[in-house]
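Colleague: Please arrange chain B on chain A, whose structure you already have, making use of the hints.
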Amino acid sequence: LAKTTQPISMDSYEGQEVNITCSHNNIATNDYITWYQQFPSQGPRFIIQGYKTKVTNEVASLFIPADRKSSTLSLPRVSLSDTAVYYCLVGGPNWGGGNKLTFGTGTQLKVEL
Amino acid sequence: EAQVTQNPRYLITVTGKKLTVTCSQNMNHEYMSWYRQDPGLGLRQIYYSMNVEVTDKGDVPEGYKVSRKEKRNFPLILESPSPNQTSLYFCASSWGRRGQADTQYFGPGTRLTVL
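Residue numbers (our numbering), protein chains in the order written: chain A, 28 to 140; chain B, 55 to 169.
So here's chain A without its partners, still in its complex pose (with noise of 0.2 Å):
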């Protein structure tokens, strides 16, 4: 799987746009690029995935330039709910299914009043 690097934390305000970058610049033509939500003594959530442009739902969104080395998960108006820790994985098709799997220390943002 390829390795994925996110900055260790994040501080924002109620209302913010909030983006997370991850950078992955091994990733492989097959990866998938998901993001995860993990809130204190809960398991992992899933938030979105994407494999390249713009993927949108209704939590959150995805960016993923051309060359797929990053990609930026955005959070709109964040709440003090959305405080937790997001975790970036990068893999490919069954990745999730025949293969290890390997999480990282992901990204704890904290949203503040």
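Calculated directly from the structure, the hints in this document are not laboratory data. Be aware that a few hints might be false.
Claimed, not checked - Partial chain B-side listing against chain A, Cβ under 10 Å, derived: (1) Ala56; (2) Tyr89; (3) Gln91; (4) Gly112; (5) Tyr118; (6) Gln139; (7) Leu142; (8) Ala146; (9) Gln158; (10) Gly161; (11) Pro162; (12) Gly163.
Beta carbons are placed, not taken as given, at the ideal position from N, Cα and C, and that holds for glycine.
Modeller: This is chain B only, laid out in the frame that chain A set:
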């Protein structure tokens, strides 16, 4: 409700006393996995299983055993627990289908303390 369940949620035990943490999913997923989470180290995969009777080591398998006799269950066994296995453990499942990216569904976690 689609979910992954783990039991027990909290466990305090002593060194050397065998224990089993159960994991069950009701989504008919083929792939199941165990992780441990420690401060500063993130989530690390212990073992995974692609289907019944098929298991393989993750990044930190030492001191653990697993079995997959039924599709829905994937217990984690610590034959002789040691204090360095004190951790927060998560079970996860997914479809594990070939040809498409996969997403994991996680259980609520089991906090284990080994004295």
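Colleague: Give a verdict on every hint.
Modeller: Against the structure, the hints come out as follows:
no., hint, in the structure
1, Ala56, "13 Å, violated"
2, Tyr89, "8 Å, holds"
3, Gln91, "9 Å, holds"
4, Gly112, "5 Å, holds"
5, Tyr118, "14 Å, violated"
6, Gln139, "18 Å, violated"
7, Leu142, "7 Å, holds"
8, Ala146, "7 Å, holds"
9, Gln158, "6 Å, holds"
10, Gly161, "6 Å, holds"
11, Pro162, "6 Å, holds"
12, Gly163, "6 Å, holds"
Comparing the model with each earlier hint shows violations of hints 1, 5, 6; every other hint is respected.
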